[in-house]
Every structure is written in structure tokens, then in C-alpha cells.
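Residue numbers (this note's numbering), protein chains in the order written: chain U, 1 to 236; chain X, 1 to 236.
Think of the hints as simulated: they come from the structure by calculation, not from any bench. Check each hint, because a few of them may be wrong.
Any copy, or any two copies together, can satisfy a pair, since identical chains are not distinguished.
Said to hold, decoys possible - Below, computed lysine to aspartate or glutamate pairings styled on DMTMM-like, alpha-carbon distance capped at 25 Å: (1) Lys192 / Asp215; (2) Lys104 / Glu186; (3) Lys192 / Glu223; (4) Lys28 / Glu93; (5) Lys192 / Glu226; (6) Lys47 / Glu173; (7) Lys192 / Asp220.
For clarity, every value in this text was computed on a predicted model and none was experimentally measured.
Protein chains: 2
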Amino acid sequence: VPQDPVARGQLRYCGKPLANRSRFAVDKRCFDVAGHAGRCSDFPYLKHLAREAKNVAEKIKRDATKTTGAAWLSDDAGFNRVQRWAMLLPDDEVLRLAGVDMTKLSEGVQRKLRDKAATYDDCIHVAQGLTWLAYGMAGAPAPPRDIGDYLEALFGPVEPGVTSCVICRAPLEFSLFRLARRGRAEIESAHKNPRVHTPENVGFAHRFCNIAQGDMTLDDFYEWMETVLRRVGRLA
Amino acid sequence: VPQDPVARGQLRYCGKPLANRSRFAVDKRCFDVAGHAGRCSDFPYLKHLAREAKNVAEKIKRDATKTTGAAWLSDDAGFNRVQRWAMLLPDDEVLRLAGVDMTKLSEGVQRKLRDKAATYDDCIHVAQGLTWLAYGMAGAPAPPRDIGDYLEALFGPVEPGVTSCVICRAPLEFSLFRLARRGRAEIESAHKNPRVHTPENVGFAHRFCNIAQGDMTLDDFYEWMETVLRRVGRLA
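All chains should be built: construct the whole structure from the sequences, respecting the hints.
See the structure below:
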């Protein structure tokens with residue numbers, strides 16, 4: 001049975017406020033455990049990966065907290081990457097804070113940006129979930145004790161080799177993070193429902209699978225496959 | 001049973017040489033019927049669509065004879081669109097005639113361009129096949145008698161409503177040619193085997209389906225679907 005980052009438990013967080021360096025107001029706070037040593041941070045679970053596999057840690061931070069842009073970047077895309085919580089603000093606030101007039105963007109682009117909106121808390125939870133999934137990949141480095149405990153308290157045992165592509169469900173190798181064609185990683189973060197940004201709904205997927213799913217929900221995509229296979233006579 | 005543009009018959013062509021205006025030597029000739037009236041042309045079967053639905057006629061010509069580029073266009077893409085027969089020439093000829101040094105392109109881009117190579121004759125046959133398929137779409141204009149006879153002699157009856165997406169096999173509406181999102185048509189030409197450019201292997205497909213198939217052959221793509229559905233427990 002493939003694993004999903006479904007919340008299985010809770011942690012008592014430190015919760016001290018963190019400085020917000022972005023244009024968009026948000027109550028950032030420390031997600032390290034209550035009474036922790038050292039500096040406060042909202043990504044303490046990424047400290048080890050940031051040393052062992054910097055690109056993976058950065059990818060997790062970026063995909064968890066920002067809208068994507070590369071795939072549909074163009075003159076009228078408005079933002080390349082922007083904090084997901086900014087997309088919860090009304091148009092006039094976005095204009096005032098970032099100088100981008102959402103109403104001037106095409107309807108499709110506006111929808112695409114708004115679809116990626118998520119609260120700061122959901123973004124942090126997605127980062128936690130993706131970190132747990134990365135450690136669950138075959139060939140992943142083992143987390144240090146404190147980070148292992150942290151992630152296990154939230155999502156259950158960290159077992160290398162059980163993380164699979166959220167779409168095709170084949171096991172994912174940690175080494176795929178390093179492979180990239182034409183600047184694009186072979187592993188992408190993927191949403192079962194493209195409009196929901198929570199750990200239960202976000203995982204890693206092969207680039208091919210993620211592109212194939214497109215804008216569909218994963219359930220719709222599987223149903224589409226069934227319909228196609230039925231039409232071509234490969235399914236009764 | 002969905003139709004495919006499989007050659008069912010032959011035509012006696014005029015065959016008179018046509019001027020070649022491109023950089024790449026090719027023996028262009030007239031593909032109108034022997035003894036035809038009017039000017040010689042290698043696209044006589046597109047004359048009616050060029051008046052009734054110019055974008056469709058141009059798309060057929062372009063997709064049949066040129067490599068695509070938009071999807072992977074970048075600084076090192078070498079060509080945006082180039083005649084498919086040019087990609088049959090050795091590297092030094094391409095450099096001499098077009099000023100593009102293929103050996104300077106990444107291996108992936110070189111392969112992508114070379115995969116799209118096709119003879120002039122195959123390109124014309126693909127254009128004929130795509131024209132026949134376009135007239136077979138629900139809501140397509142009826143071809144004038146001479147063009148209908150021409151296409152039927154090659155591929156069999158032109159029956160509106162029988163042309164389906166070559167990938168998902170759902171019927172295709174001619175009106176979809178007009179719909180475009182972000183400048184990209186909702187109908188694309190698609191290859192069952194991405195590396196074979198013949199009428200039997202080329203058809204029209206939904207943009208979504210074509211993107212989903214990616215670089216796979218259609219058979220591999222269907223097999224991939226079966227594997228996925230089996231993994232997620234939707235298929236025994």
C-alpha cells in the first residue's frame with residue numbers, strides 16, 4: 001500500500017513569530033518543537049536536506065509556498081512565482097502590494113493563479129509532507145534522529161522505498177531529483193486535486209505523469225484512462 | 001469503428017515539377033490529377049478549405065511539412081519550424097544551407113529535430129490524410145465534388161462525424177479548430193508513433209490528449225494507462 005502524507009498526529013510547536021520579509025503580510029511563526037534549541041524557523045525539518053541535497057530542500061520550500069510559473073510563463077502571466085497566500089488577497093491589495101493588476105491578466109491566467117492560493121499554514125504543512133515523502137524515497141539519506149522523530153510524529157514511520165509517484169504509483173528514486181532534462185527536474189510536486197494545497201493532496205510525481213494529468217483531478221484522470229481504454233477495446 | 005487515413009487507392013497525378021522556394025533542395029511536383037485544369041499545386045485538395053477555414057488549411061500544410069517548435073522553443077532549439085525533409089540532410093548540409101550547426105544543439109534537441117524528418121512525398125501524403133480527416137469531422141463543411149472524389153480515391157468515403165481523436169478516440173468537432181487557449185489550438189495533429197510521419201500514423205487529437213501522450217508511442221501510452229490503473233486497483 002503506497003503511503004500518503006496524511007496527518008496521523010500533532011506536534012507542540014514553538015510558535016514564536018518570525019519576521020516577514022515578503023511584500024505580503026503573513027503571520028509567519030516558528031514550526032520547530034516547543035522548547036527547541038537554536039534559532040526559530042518555519043522549515044526546521046528541512047535543515048538536514050538543505051545540507052545533504054540542497055536542490056531538494058529548495059524545491060520543497062518553493063513548491064510548498066509559491067505558485068509555479070515556468071510551465072505557462074509569458075508576457076501576460078503576471079507573476080512568475082509568487083507566495084501562494086498572496087493569491088488569497090483581493091485584486092486591489094495585489095495591485096497595491098505587488099504592482100500587478102490581476103484584472104489586466106487573461107481569465108485563464110487569473111484562474112490559474114487563484115487556483116494556487118493557499119494559507120501560510122497549509123503551505124508549511126505541505127512542506128512538512130513533502131519532506132516526509134522525500135525521506136521515504138528509495139536511496140534517500142536517512143534523517144537525523146530529531147527530524148525523523150518530528151516527521152514521524154506528524155505522518156507516521158519514515159520508511160525508505162515506500163514513496164511512490166502520486167499519479168502512476170511506481171516507486172520514486174531519490175536520485176531522480178538530480179536528473180534534469182532541459183532544466184526541468186524529472187520529479188515534480190503534484191496535486192491530486194490541482195486546486196487543493198494540503199499535505200493529503202500533494203505528493204511527488206514523475207514529470208511525465210504530472211504533465212499527462214494536466215489540469216484534471218487525479219480521479220478524473222483515472223476515469224479518463226478507463227474511458228479511453230474502453231474506447232480502444234482494451235477494457236471490457 | 002473509427003476511421004484512419006489508410007491508403008485504399010491511388011490517383012494518377014499530374015506530376016509536373018514545381019518551383020522550390022525553400023533553402024533545401026526538393027523535387028516538388030504537382031499533386032493535382034493528371035490532365036487537371038488550372039495551375040499546378042502540391043496542395044490542390046486544400047483549395048476549398050483555404051477559402052472556408054483558412055486556419056485549418058494552413059495548419060494542415062504546416063503540420064504536414066514542417067517540424068513543430070513552439071512546445072520546446074528555446075535559445076538552443078536551433079530551428080523553430082523547418083521543412084521536415086531538411087532533417088534528412090547530414091549536419092554539414094544543414095549548416096551550409098541554413099546556417100544552423102546541429103552539432104552545437106543539445107543531444108535532446110538534435111534527436112527531437114531528427115525524429116521529425118520525413119520525405120517530401122510522405123509530407124504530402126500526410127497533408128492529404130489530414131485533409132480527409134478534417135472533412136470527416138462533425139460539423140465540417142462538405143468538400144466540393146472534385147476534392148471529395150480526390151480524397152475518396154485515396155482513403156475511402158468522406159463521412160462527416162466519423163473522425164475521432166487519434167488518442168482518446170472521442171469524435172472530433174470541426175468547430176474545435178477555432179477554439180484556442182493562450183494561442184494554442186484545441187486540436188493538434190498527433191502521431192501514433194512520434195517518429196513516423198505517414199498518413200497511417202498521423203491524425204488529429206485533442207490538445208490535452210496529445211500532451212498526455214508526450215513522447216510515447218500510442219501503444220506504449222495505452223499500456224502505461226493499463227499499468228497505472230492496475231497499480232491503483234482500478235483494473236484486475
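Legend entry - Indices of hints not satisfied (ascending): The structure breaks none of the hints.
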